[in-house]
Amino acid sequence: MNAAAAGYALIFFDGLNLLIDQHAIVSLENMSILRGGDAEVKASEVIERDTCEVHSLTAHLVVANEIDTRCHYIVVLQTNEHRFGITVDSVQSLPIQDSKLNSLPTCMSVSKSPIQAYIQIEERIAFCCDVSALWCHIKSSESMHEHKR
Amino acid sequence: MNTRDNAVLFEFSSGRHAAIGLHEVAELILSPSLVSVPLAPDYCHSLCIWQGRAIPFVELAPLIGQRSPEIVRLALVVTYFTRSNGEQRWGALGLSAYFRMVNVSDDAACLLPQDSLAWASIAHSCFQLANEKVPILNLDALFEQRLELIS
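Heads up: the protein sequence lines correspond to chains R and A, in order.
Heads up, the working numbering is the position in the first sequence plus 550, with the first residue counted as 1.
Heads up, the working numbering is the position in the second sequence plus 3, with the first residue counted as 1.
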């Protein structure tokens with residue numbers, strides 16, 4: 551029996567490969583949507599049409615202090631209640647079977663982390679990312695930033 | 004190699020050593036291929052790509068409140084059987100220098116070092132080597148549970 555292939559998108563930024571459920575992706579926007587007006591580069595931008603925040607993340611999933619203008623695209627993601635965007639270098643569709651996903655080893659698994667599984671693609675590792683947990687992580691990182699200020 | 008050797012002694016941080024059973028050693032890797040795992044604890048921040056598989060890479064220094072070397076040049080691949088179901092697993096330990104084989108006898112047994120509470124969670128036992136107390140690692144405990152960083 552063939553297991554149904556799940557629909558994932560492989561997104562890449564700052565050297566990190568993330569596997570995102572395709573159903574969580576609302577749209578793919580060009581970075582130019584953020585450019586042209588305000589010369590100031592902020593930690594988050596807002597796409598007016600979708601009224602959603604856009605963030606750049608580092609390879610450690612830390613919210614970057616500035617939007618990474620070297621990225622080419624914005625992936626707009628949807629959780630149950632929130633819509634937000636992250637800047638990426640590339641996006642590709644990746645039909646894989648859930649059975650190919652490996653749970654993170656127990657020693658490196660952190661509860662509430664958006665990363666709980668990975669898939670090995672030759673020498674590359676892509677981390678399966680839960681979008682709702684990613685949103686919570688971004689908001690908690692932001693409040694930590696605010697607290698430090 | 005002395006035929007009586009039964010343990011492998013390795014340095015994990017400047018001047019600090021730990022040991023594992025000789026039968027638990029799989030391979031020494033020079034310049035291991037590591038992939039950082041986002042948001043993972045400091046002591047096991049990466050997966051090590053070894054023989055086509057991804058295995059957890061652990062550094063002992065952060066577990067006892069010490070800084071790890073900035074560049075990892077050596078990794079010791081180890082194997083163990085899980086306590087829960089007896090399955091064979093592999094992991095990698097960061098080394099700061101080459102390892103050597105030693106003979107450990109019951110006569111050398113001593114109490115664990117007092118510099119970190121973590122030793123009680125990850126060591127089977129301990130032996131005295133010159134002036135140093137050297138913990139013998141419990142690999143199942145090290146790789147199969149999530150440890151709090153307590154120094």
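In short, the hints are calculated from the structure, not lab data.
Take these hints with a grain of salt, some might be off.
Here are the simulated SDA-like cross-link-like pairs (lysine to any residue), alpha carbons at most 25 angstroms apart as the crow flies [what the hints assert, rightly or not]:
1. Lys662/R to Val80/A
2. Lys650/R to Val80/A
3. Lys662/R to Asp143/A
4. Lys689/R to Thr629/R
Remember, it's a predicted structure, so these values are computed and weren't measured experimentally.
Here's how the hints hold up against the structure:
no., hint, result
1, Lys662/R to Val80/A, "violated (29 angstroms)"
2, Lys650/R to Val80/A, "holds (24 angstroms)"
3, Lys662/R to Asp143/A, "holds (24 angstroms)"
4, Lys689/R to Thr629/R, "holds (13 angstroms)"
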